[in-house]
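Construct the complete structure from the given sequences, taking the supplied hints into account.
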Amino acid sequence: MDVAAAKRPTRVQTALREASFAGLIAALLSFPILALRVEADMNNRLVLEERWPLVGVATLSIFVARFLSSILDDWRARALAIAGALSNLFAIGLMIFPDRPQIGLALWFGASGSTLMAAGLYFEREGRAAPERPIAAPQVAKTSRTSGLINLVGIVALGFVIAYPLVLLAWLGPQGSLKWINNYGVQILIYVMLGWGLNIVVGLAGLLDLGYVAFYAVGAYAYALLATTFGLSFWICLPLAGILAAFWGILLGFPVLRLRGDYLALVTLAFGEIVTIVLTNWVDLTNGEAGISSIPRVSFFGLPFTAADDGFAATFGIAFSPIHRTIFLFYLILVLALITNVVTIRLRRLPIGRAWEALREDEIACRSLGVNTTNTKLTAFALGAMFGGLAGAFFAVRQGFINPNSFTFMESATILAIVVLGGMGSQIGVALAAVAMVGGTEILRELDFLKVLFGNDFDPNQYRMLIFGLAMVVMMVWKPRGLISTREPSIFLKERRGVAGSLVKEGHG
Amino acid sequence: MENFLQQLINGLTLGSIYGLIAIGYTMVFGIIGMVNFAHGDVFMVSTFIALIIFLALTTLFSIPSIYIALFLVMVAAMILTSVWSWAIERLAYRPLRGSFRLAPLISAIGMSIFLMNFVQVTQGPRNKPMPPILEHVFYLYGQPGAANAVTISSRQIIIMAATAILLTIFWYVVQKTALGRAQRAVEQDRKMAALLGVNVNRTVSITFIIGAMLASVAGTLYLLQYGVVRFDDGFIPGVKAFTAAVLGGIGSIPGAVLGGLLIGLIEVLWAAYVSSDYKNAAAFSILIIVLIFMPSGLLGRPEVEKV
Numbered sequence: 001m002d003v004a005a006a007k008r009p010t011r012v013q014t015a016l017r018e019a020s021f022a023g024l025i026a027a028l029l030s031f032p033i034l035a036l037r038v039e040a041d042m043n044n045r046l047v048l049e050e051r052w053p054l055v056g057v058a059t060l061s062i063f064v065a066r067f068l069s070s071i072l073d074d075w076r077a078r079a080l081a082i083a084g085a086l087s088n089l090f091a092i093g094l095m096i097f098p099d100r101p102q103i104g105l106a107l108w109f110g111a112s113g114s115t116l117m118a119a120g121l122y123f124e125r126e127g128r129a130a131p132e133r134p135i136a137a138p139q140v141a142k143t144s145r146t147s148g149l150i151n152l153v154g155i156v157a158l159g160f161v162i163a164y165p166l167v168l169l170a171w172l173g174p175q176g177s178l179k180w181i182n183n184y185g186v187q188i189l190i191y192v193m194l195g196w197g198l199n200i201v202v203g204l205a206g207l208l209d210l211g212y213v214a215f216y217a218v219g220a221y222a223y224a225l226l227a228t229t230f231g232l233s234f235w236i237c238l239p240l241a242g243i244l245a246a247f248w249g250i251l252l253g254f255p256v257l258r259l260r261g262d263y264l265a266l267v268t269l270a271f272g273e274i275v276t277i278v279l280t281n282w283v284d285l286t287n288g289e290a291g292i293s294s295i296p297r298v299s300f301f302g303l304p305f306t307a308a309d310d311g312f313a314a315t316f317g318i319a320f321s322p323i324h325r326t327i328f329l330f331y332l333i334l335v336l337a338l339i340t341n342v343v344t345i346r347l348r349r350l351p352i353g354r355a356w357e358a359l360r361e362d363e364i365a366c367r368s369l370g371v372n373t374t375n376t377k378l379t380a381f382a383l384g385a386m387f388g389g390l391a392g393a394f395f396a397v398r399q400g401f402i403n404p405n406s407f408t409f410m411e412s413a414t415i416l417a418i419v420v421l422g423g424m425g426s427q428i429g430v431a432l433a434a435v436a437m438v439g440g441t442e443i444l445r446e447l448d449f450l451k452v453l454f455g456n457d458f459d460p461n462q463y464r465m466l467i468f469g470l471a472m473v474v475m476m477v478w479k480p481r482g483l484i485s486t487r488e489p490s491i492f493l494k495e496r497r498g499v500a501g502s503l504v505k506e507g508h509g
Numbered sequence: 001m002e003n004f005l006q007q008l009i010n011g012l013t014l015g016s017i018y019g020l021i022a023i024g025y026t027m028v029f030g031i032i033g034m035v036n037f038a039h040g041d042v043f044m045v046s047t048f049i050a051l052i053i054f055l056a057l058t059t060l061f062s063i064p065s066i067y068i069a070l071f072l073v074m075v076a077a078m079i080l081t082s083v084w085s086w087a088i089e090r091l092a093y094r095p096l097r098g099s100f101r102l103a104p105l106i107s108a109i110g111m112s113i114f115l116m117n118f119v120q121v122t123q124g125p126r127n128k129p130m131p132p133i134l135e136h137v138f139y140l141y142g143q144p145g146a147a148n149a150v151t152i153s154s155r156q157i158i159i160m161a162a163t164a165i166l167l168t169i170f171w172y173v174v175q176k177t178a179l180g181r182a183q184r185a186v187e188q189d190r191k192m193a194a195l196l197g198v199n200v201n202r203t204v205s206i207t208f209i210i211g212a213m214l215a216s217v218a219g220t221l222y223l224l225q226y227g228v229v230r231f232d233d234g235f236i237p238g239v240k241a242f243t244a245a246v247l248g249g250i251g252s253i254p255g256a257v258l259g260g261l262l263i264g265l266i267e268v269l270w271a272a273y274v275s276s277d278y279k280n281a282a283a284f285s286i287l288i289i290v291l292i293f294m295p296s297g298l299l300g301r302p303e304v305e306k307v
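Chains A and B are the protein sequences, given in the same order. Heads up, the first sequence is in the numbering used here, so the first residue is 1 and it goes up one at a time. Heads up, the second sequence is in the numbering used here, so the first residue is 1 and it goes up one at a time.
Hint data in this document are derived by calculation from the structure and do not stem from the laboratory. Relax, there's no trap hidden among the hints.
Coverage of chain A stretches by chain B, computed from C-beta distances (three or more under 8 Å per stretch; other residues unrestricted): (1) 26-39; (2) 414-424.
Non-contacting residues of chain B with respect to chain A, defined by C-beta distances greater than 12 Å in every case (computed): (3) Ser65; (4) Tyr67; (5) Leu166; (6) Trp171; (7) Thr177; (8) Gly180; (9) Glu187; (10) Pro254; (11) Arg301.
Not everything, but these chain B residues come out facing chain A in the computed CB check (under 8 Å): (12) Leu80; (13) Phe100; (14) Arg101; (15) Asp277.
Here a beta-carbon is modelled for each residue, glycine too, at the ideal position from N, C-alpha and C.
Structure (structure tokens):
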């Protein structure tokens, strides 16, 4: 063995060194925050609760994950092996900690972890055995096939969503299906609509709006105030709320839209915060923190959803049930969301939509070619604001009660996270992201075994924003163009040429 | 008049804290041109680290002298917060250099949400009121108990002194050392600096670490002055410190300190004489007005748009 080769550290040594470094960093990061928890006791004095095992868990997990990722080449192998190893660690943890031993769960996690690791090793061997693959030529045909597939997925999904409440009603009855239609259906669809609305601003025109919730709030308060003060019906207030929100969008848009991308983001953030502060402190108008209650509920085009003789149930000769209103709300928000979607898709093919996309890609080139950037940005902003306002009016009529706490920066961040995860510009991606992120956390609430593991006060909502934030970072680092990327321009000159998304550099936005 | 003097002292105290945070924003913006949205939350994390270490020192190890404890807390907070800031830059920002323009900002927003909720999950959502320490008050004018007395507490003296000392050290590092020269070189032209042998990645990392150290001092002083902290306490001070950086001219370090002091004064005077409900709205309005009407701030250079 020659000397040079002996001195060079082996792969395992390198991986061990990197893993030790990562473990050390993890230990330093978790040391005070994870290890010691500050709690106020009965006398309102602060006491420290020691939780040292958590630091060990964090350090060990990061060590193992870093070791595996530096020793494995294939990315599938990495992902599977890390997931498997963490699952195994979790299983060992379940066996060791004696206060709640969960043998069955431990076996389950251990077995699935080992399977994942084995699958990972299989990919790794396969990857090493295969010869170096040549870099694939740009695939022109594939893009059109993918977009055809996406259309198909969209149609199937739409069919599923339309049938969703009726199938549930038939299956679980009015009592059982209420929760599923309300918590999953209506809740998710609100976020789908908000995501699609913000997508016009962020995904198409490339303007980062951190205060989108302000327009949502304008819509909600517009309906609430118009309905409680003047007694206007929902169907009159809905377009008014949209127009008012669009008006606010234009009002804000005029001065700020000549700012650069990140300054624009911060100005919209400040605007959103000011709206919340005003809603909280202008007690004469908005009733402040106490909010506006007893907002008139939605009616079936004039027929109220009550047990009265002129109510919806009596008119159609069916037994009264509160589920009717929920189902009606479901279809109402579905229609509103679909209008948002259709308007966006159609506008993308008009000159204004093309100007949006051109603006997103390169603002200076756009200006040089004579596109009026102010008007283009303003329409995107106003349109996005209008859909936010419509969603706000719907939110008010669904809840029957609103206060400023529903319109915080976290709400804006949630909607932005949905748009970013959906791939900024992709309609179906945004919808899927909303389903996964909003529906996903609702599902976690249903899983009883999580309560066994984490204690009875386990609340997945606490972890929701944690995952949202992390997912935004991972998304930017890993696939900044989104999971389902349709950021290719809608129009091509003469021929389609395959251009990798990463080559299309974005200009000043 | 006496009341005004009192508010002036309070405003300068608050402004010192904003100034220390603002330097982190302005340095990072200067060197890689991104708004480090998570910086306010790094400040909040440092406040929690300081609180935990302070409690650990006083209750578990029962250190007798409050000044030694405070000094140890500050050093520990500086080191541990730098690790956080270093890791954030390494994992969330460095891979994004050369990505499209908004990518680092979106990543930073994600990081900010993550940090906020990480602390909420690990430390609980409730306020953490620290027992008040160093309550001694000096009377600059008037008698104890008089309505028109002007006072300065030993906490406020510590805050202003610590800020002044740190800024001097920091100023020396940026102006006189090789590290400072490397930073300014990277700020002017990253590629050229790299060609001339400046380790760009290391310089950027150190910039984040320095920013985090100043923010952690701000965090410790914030805890000392206000004695209560919560998981979402990074957001509003963060935006205000960013406003300070913009007001002073983003990229300019003296501008950040000046902007911080001005924002602190404006906030305190606004709360005292106009409306305390709308004091945050005042800061946010300043942010909007400055960004729209004078984006280069008080001491900044106007930005040239390059194609």
